Amino acid sequence: MRPLTEEETKTLFAKLANYTGNSLKNLIAPLDNGANSDRYVFRLHQQRCYYVRLSLANLAVSVSRDKLLSLGTCLGKFTKTGKFRLHITALPILSEHARYKVWVKANGEMPFLYGGHIVKAHVGRWSEDCPEHQGVIVYSMNDTPLGFGVTARSTAEARRLDPTGITCFRQADCGEYLRDEDSLFAS
Amino acid sequence: MAPSRTSTVKSKHAANKSGIRNSKTSTRSQSDGVVKSKKPKSKGAPPKPQKSTSTLATLKKKRRVYTEKELNIPALNMITPIGVEKPKGKKKGKIFVDDRESMMTILAIVNADKEGQIESKMMKARQMEEIREARKADAEKRQELRKAKLDETKEGMRKKRKRASMGDGEKKENVRSEAASGTKPLKLKKKTVSFA
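Line by line, the protein sequences are chains A and B. For the first sequence, our numbering puts the final residue at 187, and the numbers step up evenly by one. For the second sequence, our numbering puts the final residue at 383, and the numbers step up evenly by one.
Heads up, a few of these hints could be off.
Pairwise CB distance ranges (calculated) [claimed, not checked]: (1) A:P163 / B:I296: 36 to 46 Å; (2) A:R159 / B:E288: 42 to 52 Å; (3) B:I260 / A:R85: 56 to 66 Å; (4) A:E6 / B:E302: 14 to 24 Å; (5) B:I266 / A:N36: 45 to 55 Å; (6) A:I28 / B:E302: 12 to 22 Å; (7) B:E316 / A:R85: 25 to 35 Å; (8) B:E316 / A:G34: 13 to 23 Å; (9) B:E316 / A:N36: 47 to 57 Å; (10) B:M315 / A:L31: 28 to 38 Å; (11) B:I266 / A:R159: 54 to 64 Å.
If you're looking for bench data, these hints aren't it; they were derived computationally from the structure. Since this is a predicted model, take the numbers as computed values, not measurements. No residue lacks a Cβ here, since even glycine has one placed at the ideal position from N, Cα and C.
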């Protein structure tokens, strides 16, 4: 387990900034105003990046590397080429700071949770002025985050789309907790 | 074969250094006059090629030695690829970013970068939308013009027909059925006559 290098931090933030707005800086803000106050840090362990409280990360040092399975919240994985891939486990953090959102109707929830893209007929509501190929967080109509993806069309273009046209490409959904149960937490 | 070889090797040194006259080598060298006569030649011969080699060496030294940069060798055509080669004098290992300030600066840079990207995307989309709207409006206008022209010609035709019908009101029915140019009614008239 180690902190991220400069390059890795940049890659990670660039990825997170696809989905979040300026409030991303709250992610690393100290929890209270004290000099030695606890804060959240990023830790890399076996190619996976974890978002964890510093006090917890310091405690985790006492666990040997091969025995340490996970700590804090897993954000995703660094690929061997140095890119970063977000996992569904990062959804609670992303949804807190989401910039663009898509709300899916009740009849579109299951198709999305089974790994399908979002068609226009299933969209209940979407953020205005959203450009093409922009990261969005997918919510159900009662504001429960279901996953995330990228928009296929800008909001203006999507209005003209036919009901079966894809508006948002799925990247991760909550169904992965079951589908990728074996590989999600351990490689 | 073997003894002759040894003799030639030994004879060079033995002729000068061996003081023993009874030794085999001394006797041989004395008896073999032809060999003696050859000796100075063989002695003189080696320095010459040496001289030539030395001159060659000096020539080689005089030749300009090109550096790798001067030869314009492609950068990737090397034993160690250019990306793999590590800079000298730099500390080995990773530099971690764990303090809040540096993380904040990285975050600010990344955020500004993303903001710019999104902004440019939006601008582009808006421009495209404007162009699309303009094209749509243009097409609509053209359609309107075409429709107006069509209506105008229709009106003209109707007026002409009315005038024609006013001239000979009897053939109203026939004219209506054909509804073409003013010359046709005359032909039709002939036909009707023939049928009648």
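(request) Starting from the hint list further up, note which numbers the structure goes against and sort them upward. (result) 3, 8 and 10
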